[in-house]
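Just so you know, the sequences run in chain order A and B. The opening position of the first sequence corresponds to residue 3 in the numbering used here, with each subsequent residue numbered one higher. The opening position of the second sequence corresponds to residue 75 in the numbering used here, with each subsequent residue numbered one higher.
Honestly, the hints are just simulated from the structure, not real lab data. The model shown is predicted, which means the values in this text are computed figures rather than measured ones. Heads up, a few of these hints could be off.
Pairwise CB distance ranges, derived in the manner of DEER restraints [unchecked claim]:
1) A:GLN87 with B:ALA338: 17 to 25 Å
2) A:ALA43 with B:PRO422: 52 to 60 Å
3) B:ASP392 with A:ASP64: 34 to 42 Å
4) A:ASP64 with B:PHE330: 18 to 26 Å
5) A:ARG138 with B:GLU337: 39 to 47 Å
6) A:PRO142 with B:ALA172: 48 to 56 Å
7) B:ARG336 with A:THR238: 17 to 25 Å
8) B:ALA207 with A:GLY70: 38 to 46 Å
9) B:GLY391 with A:ASP64: 35 to 43 Å
10) A:ARG138 with B:ALA172: 47 to 55 Å
11) A:GLU269 with B:ALA171: 45 to 53 Å
12) A:ARG281 with B:LEU143: 37 to 45 Å
13) A:THR223 with B:ALA171: 51 to 59 Å
Just some of the chain B residues that point at chain A, by a computed CB distance under 8 Å [stated by the list, open to error]:
14) GLY91
15) GLY92
16) VAL93
17) LEU122
18) LEU370
19) PRO402
The beta-carbon is built from N, C-alpha and C at its ideal position, and this holds for glycine as well.
Residues per chain are reported as follows:
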Amino acid sequence: MRRRRGRGPGGLRGAQLIVVTGKGGVGKTTVAAALARLLAARDRRVVLLELDAREPLHRFLDVPPSAGEPIAAGPHLHLLNLRPQAVMEALVRDRLKIAPLARAVTASPVFRHFVDGAPGMKELAVLGHSLRLVRREVRPHADLVIVDAPATGHGVGLLAAPALVSEAIGGGPLGRLAGEVAEFVGDPARTAVVVAALAEEMPVQEALELFAMMRERLGRTPDLVAVNGLYPPFPTATVGAGSREQGAGGAIELWRQRRAMNERELERLAAACQGPLARIPLFPESPGPALVRQVADVLAGAIAPQEPR
Amino acid sequence: MTAGPRGTPLLVVVGAGGVGKTTLAAALGLAAAEAGARTLVMTFDPSLRLKDALGVGDAARQRPVTVPLEGPGLLEVSLLDARATFDDLVRRYAPDAAAAARILDNRFYQHLAGHLAGTLEYMAVERLFEVSAEGRYDRVILDTPPTQQAIDFLEAPDRIVAFLDSGALRIALAPWFSAAGRLRVGAAARGVARLLDRLVGLGLLSDMAEFFQAFSPLYAGFRERALAVRQLLRDPGTGFALVAGTGIERTPETLFFARRLREAGHRLAAVVVNQVHPAVTLPPDLPAALAPGLGLVAWLGQRDARGLRELEELLAGDPPLIAVPLRPVPPTTLPALSALGRELATVPALRSRDTASRHGGG
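Chain A extracted, bound-state conformation (with noise of 0.2 Å):
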């Protein structure tokens, strides 16, 4: 594949892949639906892929659930839930050729275990999958695929998996579409990896495990650290005594304790991380589209927008 010319590794900025990690409850799915619409609405044509058989992301973008079906969500930009067993099926079908026997291989209880049982199999397929969508080879069409990861196993094993299954299969149709995947995920200027934390002790470790696991397993950093849930900054003047009489004293003194932990904690992944880091304050709102928009707002000013080409 001709690969294009004049991108630097430019982390987020010509990335034709994103893929969105970080343990669960971090905030990790509002992230990813929040640099869907953010670059959307830079003109990219973005795949929002989702993973999850629960598919909570439709509620993040206001649209129906995609059922398997690409579902638009607002200009240039589209939500698709994937089932890894029907993408292996359909990847098979395509590199087979001819249908009878694609449907002979797919049908079988061989080839069910196989994708089960195999290790990669799935994660071949979701990324092989997003290959083809900015190839241009399935619909919708895409610039970019942004893909919400697993929470479990820190999405390192879904990026490492093509090189996996290309070691292990080595020849084959399928295993040279592992290679040409493994080459796809493994080439910073294409793709790119966001990790999602919060500025608490636990995740924050969580994050530190996945950063050296990201050094250690795929030779890279991440291109941004989301950090998600800040409390406020707390005024450093004295203020409140007032208040403090009046029955808010636990708040307030809730409230300084959480910023202060964030904060420590937010040193911890700066002095770790030597990408960029976005910090995304706590917004008095339920997850949902109302939220997406807010953090996408302050995404937009940790990614600066791609110089005209």
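Assemble the complex: chain A is given as a structure, and chain B must be docked to it using the hints.
Chain B only, in chain A's frame:
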């Protein structure tokens, strides 16, 4: 005094990722030990500070480590490691060392042991079964791994058995391999097999076949044990504490977990809503400097109260619901954990003595 058929009341702490299961499991363990029970807490990935507070390091991956406490009770903490437990099981059930080595060295096994969905969950229950059978403790508390869906954990034994026991897979692989495990690429490899072979090449498939060959003497032991584990999770002496996040938008998820637990025949002991923000009355003369933070905390308090009210109405006391207030500082010291544990123990089902006595007679 015996509790269930196996002697040890178990409490399994389940819930979505990031809701504070590990801290609550440690607090419950501490409270049980301080009430005089010999207690084991099995956990996965505690924070560094929690490990420091409990005084457990990596040694707890090998064997339970005792937390220094005053008083008559005992608290031991064990850290779970899926891969090590799986390896141990292979060694135990393999007919001889050479057979064990064949499995442990197999490339497919090496991927499988770490990656097969539910391995970690299954291994947790395996260890639970072991300590329960030993009968050394009055109380065992199991923290569950951070799965996206709490329910994955419960289905793990069935899934693993189905996979290991998968006659379909062995039969499907059979045409490719002779009884001696040799690859038969000639006449027998035809149709679907040949096509799949064209797709993936032979390397991985021969690894898989070799794995199932090497594994076959272990089937009986694994299967029997998995069935026992399945039974243990449905024992009347085993209770589940479902930990939920705050906010009204989490209610459907919480109810869904609760329903699934019960439908699958598990005893739901309590629902714990963790890290509930306090109710705040904003003073009329609120200084401008305090408005952003206090306004936010007030909003969070209202959001959490709405969620709690809704959940309370829908559960109607069955199981009991307990709200744990958000602490300004996370409870990562022994005194803080102990206070949290005592708070949780106000729900009788979460108290060690109650569970023990309830099942003592029957």
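Evaluated hints:
1. For GLN87 of chain A and ALA338 of chain B, the hinted distance range of 17 to 25 Å is satisfied, since their beta carbons lie about 24 Å from each other.
2. As the Cβ distance of ALA43 of chain A to PRO422 of chain B is approximately 54 Å, the hint placing it in 52 to 60 Å holds.
3. For ASP392 of chain B and ASP64 of chain A, the hinted distance range of 34 to 42 Å is satisfied, since their beta carbons lie about 36 Å from each other.
4. Taking 18 to 26 Å as the suggested C-beta distance range, the pair ASP64 of chain A and PHE330 of chain B conforms, at roughly 22 Å.
5. Range check, ARG138 of chain A to GLU337 of chain B: Cβ separation about 45 Å, and the 39 to 47 Å hint holds.
6. A beta carbon spacing of about 55 Å between PRO142 of chain A and ALA172 of chain B agrees with the range 48 to 56 Å that was offered as a hint.
7. Evaluation of the 17 to 25 Å hint for ARG336 of chain B and THR238 of chain A yields a failure: the beta carbon distance comes to about 52 Å.
8. Distance hint check: the CB atoms of ALA207 of chain B and GLY70 of chain A are about 45 Å apart, consistent with the given range 38 to 46 Å.
9. Between GLY391 of chain B and ASP64 of chain A, the C-beta spacing of about 36 Å keeps the proposed range 35 to 43 Å intact.
10. A hinted range of 47 to 55 Å holds for the C-beta pair ARG138 of chain A and ALA172 of chain B, which are about 54 Å apart.
11. About 51 Å separates the C-beta atoms of GLU269 of chain A and ALA171 of chain B, a value consistent with the hinted range of 45 to 53 Å.
12. Range check, ARG281 of chain A to LEU143 of chain B: about 41 Å between beta-carbon atoms, so the 37 to 45 Å window is met.
13. Under the hint 51 to 59 Å, the C-beta atoms of THR223 of chain A and ALA171 of chain B, about 43 Å apart, miss the expected range.
14. Taken as an interface hint, GLY91 of chain B checks out: its beta carbon lies about 2 Å from the nearest beta carbon of chain A, inside 8 Å.
15. With 8 Å as the threshold, the beta carbon of GLY92 of chain B comes within range of chain A, its nearest partner Cβ sitting at about 2 Å, so the hint holds.
16. Given hint, VAL93 of chain B at the interface with chain A, holds; its Cβ is 6 Å from that chain's nearest Cβ, closer than 8 Å.
17. The beta carbon of LEU122 of chain B comes within 6 Å of a beta carbon in chain A, closer than 8 Å, and the hint placing it at the interface holds.
18. With a cut of 8 Å, the hint placing LEU370 of chain B at the interface with chain A holds, because the nearest CB-to-CB distance is about 6 Å.
19. Annotation: interface hint on PRO402 of chain B holds; nearest CB of chain A at approximately 4 Å, less than 8 Å.
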